[in-house]
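The primary structure of each chain is shown beneath.
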Amino acid sequence: MAHSTSPRSRRAAVALALASGLALSACSSPAGSDAPAEEEAVEPATITFAASTFGDPGLGPRLQGLIDEYNSSQDVVTIEPAAVPFPTFGQTVLTQMGGGEGPDLVRFDMPEFTSAADAGLLEPLDDLIDADELGLQPGPDEYMTVNDSRYGVIFDTSNYVMYYNTDLIPEPPTTFDEFMETAKATTQGDVYGLAFRQTQAEENGVWQDIFNYVYGFGGEWSDGEELTLNNAKNVEGLEAYQSLYDANVIPKGADAATFRKMFAQGKVGMELNNGGYLVATRGTNPDLKFSVAPIPFPVRAQGAIMAPIVINANSEHKDAATDFINWVLEEENQVALQEALGASSVATETERTEEQLAETPFLPVYDELTNSSAPQIVVGFGPQTADIRKIVVTQVIAALQGQQTMKEAMDKAQDEAEQLVG
Amino acid sequence: MSAERAGADVALKRRRRSPLGSRWTPYVFLLPAAAYIFVFQAVPLVQEIYLSFTRTNLLNPTRSVWVGLENYEKIFASAGFQQTLLTTLVYVIACVVGAVGSGLGVALLLNGRFPGRGIARALVTVPWAAPGIATALIATWMLNAQYGIITRVLRALGVDVGESGILDNPDLALTAILATTIWQLFPFVAVVLLSALQSVPAELTEAAEMDGANRWWTFRVVTWQVIKPTVGLVALLMTIWSLRRFELIWLMTRGGPLGTTRTLVIDLYSQAFDSKQLGNAAAIGMVGIVIALIVVVGSRLVSRAAERGA
Amino acid sequence: MRRVRIGVVGRMIGVLIVLGIAVFPIYWMFTTALSSDADLFAAQPRLVPDFGQFGVFVDALADGPTLTWLRNSTVVAVGTTALSIVLGIPLAYALSRFSFRGKVAVGLLLLMTQMLPEALMVVPLFSLYRRFELLDSLVGLVLANTAFVLPIVALVLKGAIDGVPRELEEAARVDGSRPLTVLLRINVPIIAPAIAAAAVIAFFHAWNEYVFAVTFIFNKALQPASVGLAGFVGEQGTAIQTIMAVAFMFTLPAVAFYLFAQKYVVSGMTAGAVKG
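Sequence order for the protein chains is A, B and C.
The opening position of the first sequence corresponds to residue 19 in my numbering, with each subsequent residue numbered one higher.
The opening position of the second sequence corresponds to residue 14 in my numbering, with each subsequent residue numbered one higher.
The opening position of the third sequence corresponds to residue 22 in my numbering, with each subsequent residue numbered one higher.
If you are wondering where the hints come from, they were derived from the structure by calculation, not from laboratory data.
There's no promise every hint is true.
[Claimed, not checked] Listed below are the simulated DSS-like cross-link pairs for lysine-lysine, each with C-alpha atoms no more than 30 Å apart in a straight line:
1) A:K202 to A:K307
2) C:K241 to B:K241
3) B:K241 to C:K124
4) B:K87 to A:K425
5) A:K430 to A:K251
6) A:K285 to A:K270
7) A:K430 to B:K87
8) A:K251 to A:K425
9) A:K425 to A:K270
10) A:K202 to A:K425
11) C:K124 to A:K336
Just so you know, these numbers come straight off a predicted model, no measurement behind them.
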């Protein structure tokens, strides 16, 4: 099982448990050897922590519970959650940070994280947390370093899987051909076999969706040095995406809010989505019978929402912010966070409780994908991801609409994006 | 401000004091609002003008590099921007024609005697009073590709709106946005024109009727002459408001599908906040302002010429 | 030849069609809020509200931050209204009653402020606000909104003051009153309807404003309803019924207020528009 704890992290856990028994958690700070001998006390402060997930009807209250837990664990630092809506999150927070303001702590998505880190808006964490001792999961953690400095720690990461309605689809498909067949067979009357995003209004969502097709067919947006938007594998993956669009097995024009509601109503058979969706779907319709399986594409590679927690370089209370990050990274709080998040993973490997597994037997499906998941950025071009995304999505939609072939679309995207990154 | 000195000079030259206190009085009244607008509009505007000649990143706005006309050269060279300009032009003209046309029609309809007139005149203002965000939300839902009431009705009537729905159809999205905008605007036009219509002297229309003039002739020769200045002014307001309209389009389509609803303001916003290029965004904003200025100054000239001709 | 009259019946049919178009979306907002999931996603939509679903309004008010949003919107709107009237009256008076060098320029500048998109001004205002610690404060929103609505307010008020006979002021001047006293004692009471109109316009400009609020406000407890509502759009899976219920509660005060103040708004707007 992917979730047996490694010896190293178990040692760390023991050490942490001891440490938290001895010291007030408010003073918990890196136990590294280069930490000053005289611990500076954390200044009393009220700090803000911005995350789009605080506003989520399902996750919000659970995360609030975790924050309350921290606030009552000590009386030095108070965290105020700021629920900036997801659609405007990056723009709002980045404007504030560029203007020298903003929240003290931020949970960013990867594109914004790389932009902010690259622009020097984030506090380097190298000396603030003791990364080597924490047993951080290496896969996602490798993306926390920008220009040789660590700027974040994973707050949550959520792998993409295939959700399917078990009433409509008793056996999940295991190949792309079966996937297509199942989608066609399920599409009947007002029920659709599949749903994905395909409108400009949801540019970011389309990007997240096509990511699974591109990587699931062995493609990649870049080799780390050069853009490879139009490589043959990418085009193949996108043609697969288009073939589903053309097969009329999806509710065309439906936005995510609508088709997720439809999934909850049993009117959509399958959807590729991340672990965060589990809580939302349960919240919308507790009676829905569904399960998850790995995305049945040729290559076991899929996107993940990786969301690091970072400290704003403008913050006047970096020590307080650091204290919270270190608190979250403590073993028991990682377990609590993971429970709150549902199917997502956290920074360290934690064990699923019996109750959790009893409630959701398919949780290991998510967990087993962590090593094969990639963040939805263009590796090596993180800060330009938003621009490249816009170019790619616009061209892909033009292809969906029949104005050009996918091959032409990606050739154009490659040209435009190359001009952009210079 | 040198306007004060200039004002003083004029007052001296004319050797005529304002009948309402000293020659400084108007400036005293003007000052608070002028200072306010100076700080909150003029200063930011000047900053934006400066930004339009720089390369500036949203994430490091204090570190900007002077690039002269590069931003302007870049945007005018791009095919996307030409589409944006064209879309803006179509959007604005259609908004003005649509809103003024339908508003005038409704005003004529309401400008008569019928039971419940007061209630009707009040209710017709509802779309204008509804907050833009709420309008965008309900319009999006009514146009939903599967369950939207408008989509359902159109499909039931056999109209082909495409499988992907109206807002995702490059041929129909702009029309849908326009219809929503005009729905929002027509009450304003109707209400203002209704008041203008009521200032048309009844004797004139009656006299025209007595002479056996038909309705159209009466409207053209009598009514239209009276309401013409108001129509002009309303059309001007519609033009400059439509040039800067943002929330409705942003929330309904974000400028898509395929850029068919991307107006200057949408482009400016996504340049500033998606691409984080404040310089480019500022340059696009300046183009919008220049267009608005041309419209305003042009309309002044036209109306002045018309007055002279009359 | 008798001219062709549209009969009263014909006119009324026309009026009913127009009213239907005007009011239907708001009705539909209400009906959608009061529909079960099964009705919403059924092959045939439900055409009348299902009052059994009324709990959606109660839940939205009780559970969500809706009340906080509406309160913040009210604070911003009231502040904007007060400030823009206080600044607008003297400005309108100067434009109406005095001839001075630069008057045409001032008028044009006022019109020009109507051309500036909020989206363009967000960035420079942000740095200004940062310097004066106006971020994350409702006062900051009031100040920004006032700047945008002041010109319209001034034009409406100017139109009204133009209509006040000068003789009334001159009588007061004989008594030796100062200009400000004249303005406050004579003009303001007469143009009260126009002030009401301007107030309504300012109120709802601020009530609806989105771009500044979404950028300048960070604290969840200070978000106005426009931002909160727009935050529903997206991927968070908020039920359509809840979105529509909140949208309806956000719309209702605006519509009710307009209907109530309609007479004043119309006369004020017209005065401003015609003579502005």
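Okay, the hints, checked on the actual structure:
1. With a C-alpha separation of about 20 Å, the suggested pairing of K202 (chain A) with K307 (chain A) holds against the 30 Å cut-off.
2. For the hint pairing K241 (chain C) with K241 (chain B), the CA-to-CA distance comes to about 49 Å; that exceeds 30 Å, so the pair is violated.
3. In summary, the hint linking K241 (chain B) to K124 (chain C) is supported, as the alpha carbons are separated by about 25 Å, within the 30 Å threshold.
4. The straight-line distance between the Cα atoms of K87 (chain B) and K425 (chain A) is roughly 27 Å, inside the 30 Å bound, and the hint therefore holds.
5. Among the hinted pairs, K430 (chain A) with K251 (chain A) is consistent with the structure: their alpha-carbon atoms are about 16 Å apart, no more than 30 Å.
6. Using a Cα cut-off of 30 Å, the hinted pair K285 (chain A) and K270 (chain A) holds, with the two alpha carbons roughly 13 Å apart.
7. Of the supplied pair hints, the one linking K430 (chain A) and K87 (chain B) holds, its CA atoms being roughly 18 Å apart against a limit of 30 Å.
8. Between K251 (chain A) and K425 (chain A) the alpha-carbon distance is near 11 Å, which keeps this suggested pair within the 30 Å criterion.
9. A threshold of 30 Å between alpha carbons decides the hint, and for K425 (chain A) with K270 (chain A) the separation of about 22 Å falls inside it, so the pair holds.
10. Only pairs whose Cα atoms come within 30 Å are accepted, and K202 (chain A) paired with K425 (chain A) is accepted, the gap being roughly 25 Å.
11. A distance of roughly 53 Å separates the Cα atoms of K124 (chain C) and K336 (chain A); the hinted pair therefore is violated under the 30 Å criterion.
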